[in-house]
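Visitor: Whole structure, please, built from the sequences with the hints as guidance.
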Amino acid sequence: MARKISMKLAINEAIDQEMSRDPTVIMMGEDIVGGAGGEGEKDAWGGVLGVTKGLYAKHGDRLLDTPLSESAYIGAAIGAAACGMRPIAELMFIDFMGVCFDQIFNQAAKFRYMFGGKAETPVVIRAMVGAGFRAAAQHSQMLTPLFTHIPGLKVVCPSTPYDTKGLLIQSIRDNDPVIFCEHKNLYGFEGDVPEKSYTVPFGEASVVRDGKDVSIVAYGLMVHRALEAAALLAKEGIEAEVIDLRTLSPLDIDTVLESVEKTGRLVCVDEASPRCNIATDISAQVAMQAFGALKAQIEMVTPPHVPVPFSPALEDLYIPGGPQIADAARRTMKKGKT
Amino acid sequence: MADHPFPLSKDELLAAYRRMRTIREFEERLHIDFGRGDIPGFVHLYAGEEAAAVGIMLHLHDGDRIASTHRGHGHCIAKGVDVTAMMKEIYGKKGGSCEGKGGSMHIADLSKGMMGANGILGAGAPLACGAALAAKYRAKKGQPSDVAISFVGDGASNQGTFLESLNLAAVWDLPAIFVVENNGYAESTSRDYGTAVDSYVDRAAGFGLPGVTVDGTDFFAVYEAAGEVIRRAREGGGPSLLECKMVRFHGHFEGDAQTYRAKGELEDIRANRDCLSTFKAAITGAKVVTDAELQAIDHEVLGLIERAVTAAKAAPLPTAADLTTDVYVRY
Ligand SMILES: Cc1ncc(C[n+]2csc(CCOP(=O)(O)OP(=O)(O)O)c2C)c(N)n1
Ligand SMILES: [Mg+2]
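For the record, the sequence lines run as chains A and B. Counting from 0, one number per residue, gives the positions in the first sequence under numbering that gives the first Met the number 0. Counting from 0, one number per residue, gives the positions in the second sequence under numbering that gives the first Met the number 0.
Do not take every clue at face value.
Stated by the list, open to error - Capping the alpha-carbon separation at 20 Å, the derived lysine to aspartate or glutamate pairs in EDC-like fashion look like this:
| hint | chain 1 | residue 1 | chain 2 | residue 2 |
| --- | --- | --- | --- | --- |
| 1 | B | 262 | A | 40 |
| 2 | B | 262 | A | 38 |
| 3 | A | 3 | A | 15 |
| 4 | B | 312 | A | 315 |
Simulated from the structure, these hints should not be mistaken for lab results.
Guide: Below, the structure written as structure tokens:
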């Protein structure tokens, strides 16, 4: 019988297995162990939401709690990666990348190219993304497009526990810097996850629902909203194909193009702010490469161009929902050629 | 001055007590209401640390600016932000200090010189440098200037932004004060693990700033030390660092099980390091105020907080029309 575990446990298990397999894997971050230097429980937190809880008992000092100095420790992880280690650095909330962005985009991302192909920087930077946690403007952003914009970085954002484990193991083994985005509202989401170690390759989107009428492209939490939309549409006889991008850089545009060649209609969904995001990128690429296949204009579903609001009443309106995605699909079904 | 050992008049002592009691009551009420599930999001309580906020803020007026932290409720109340507006904000309601858009971690009231609680550690320090710079430009020649105060936790005092700001303030000779609120922990991590140097006075010296350390649970110690560094800044004497050693009575945020604390630690600090009890004992012990006078204040504060909660619960939620406003002044 398949085993069901949460995304949170899938992350914990991936790190655990890689630390056991490869002694160069170390991990660092704020309170990833917890209780450091105090008189109470060690491993008191295991990260702010308990994701790394228990790893200290197994791997001891290979997990390092850090001072509250993201520039220094994210940079140190990058430096150690350039010198033979495979560090996993936890940034907690992706919003904090503003504090340490230079180390990520001017240093880690550029070593390989600037140094004429001679450097390898196998660092993984894990961070929570996304809204819906009532965590307000500075703890709720996606920011994924900021990273995909930068050559040299790989960007991952899984939607299921299975992909999370496989993609995280791939990220740790990968020899390039990886920004690993974990949607905080999916931590409790459960799914089948094999106990054994396995990888999910980068640059391969997954078709999570087959359909002939309209293609819906999403990633992270939005995959689940897209599936909700597909269920609504199915009741009306519209069969939506739902594509989970899984990795945003590299991007599997071929799977999207194939789907659009079949359906002729495209809805791009993104939880990131609407300007210059993943959805606009996909739209542009489809318009360039499969214009002839399109029967109607492309639809996009994103939050409005505003910071994430605190009030639950506003935040619930901010995050794109299944009904909104279904509406977009209906709009494209009504328009254009048949 | 008064015929008692304190540097404040009786009325001022009562006002200080009222501020501290208001913060305490506000936070203890939030603790209960959060536990009931009434309050969304992350809430970091200031209970236990009141003497620092109030001891410092009594020297300020609305033209002086403060840049706060994620643990900002105490700073807000001490700086005079309306308690009902704060409560509405924390409940995510219209009429809140930020119309429900900011929440606990982003309460601001610019009219009171409160530049915002902050979700990003260390982010307040450069902003305070900017406020101090503006104050310097604004000041009339030969007149005392407004000041800016940056609050920072012991943990966040290790952010580059904070350390760079110390240097910048010293280089530009800004009327800025950096208050390190040292409550011994950054989340679950002890201060001593995260900060290699023991003394913030030494650290300040390394940046060319005078520094002073006080028992932050002793209102009078804070009041006197703050008075001196603020006076110096006003008179053109430049920036300083003030460390307040303090205790926090609750978890890092609401929901924190606090297993990283030593056994009996919480009971001990509540029994022996409660800044409010210490203050109360001092002023009643010197027979400057009576228990009855303090109880009357307790009673009024309780009513104030109760009314704030009732108003917050009754206030309307923001609506779809509010979602897209306030992003720009004009777009
Ligand atoms: C740049 C940044 N890094 C990490 C965090 C997460 N965080 C919030 S509060 C906190 C601990 C702060 O400790 P301290 O500065 O001592 O303040 P205290 O909570 O004790 O008042 C951490 C790590 C954050 N909000 N911003
Ligand atoms: Mg602290």
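Visitor: With reference to the structure, classify each hint as holding or not holding.
Guide: These are the hints, each one checked on the structure:
1. With a CA separation close to 10 Å, the supplied pair residue 262 of chain B and residue 40 of chain A stays within the 20 Å bound.
2. Pair hint residue 262 of chain B plus residue 38 of chain A holds up; C-alpha atoms about 8 Å apart against a cutoff of 20 Å.
3. For the hint linking residue 3 of chain A to residue 15 of chain A, the alpha-carbon distance of about 18 Å falls within 20 Å, and the restraint holds.
4. Between the alpha carbons of residue 312 of chain B and residue 315 of chain A the distance comes to roughly 19 Å, so the proposed pair stays at or under 20 Å and holds.
Of the numbered hints stated above, none is contradicted by the structure.
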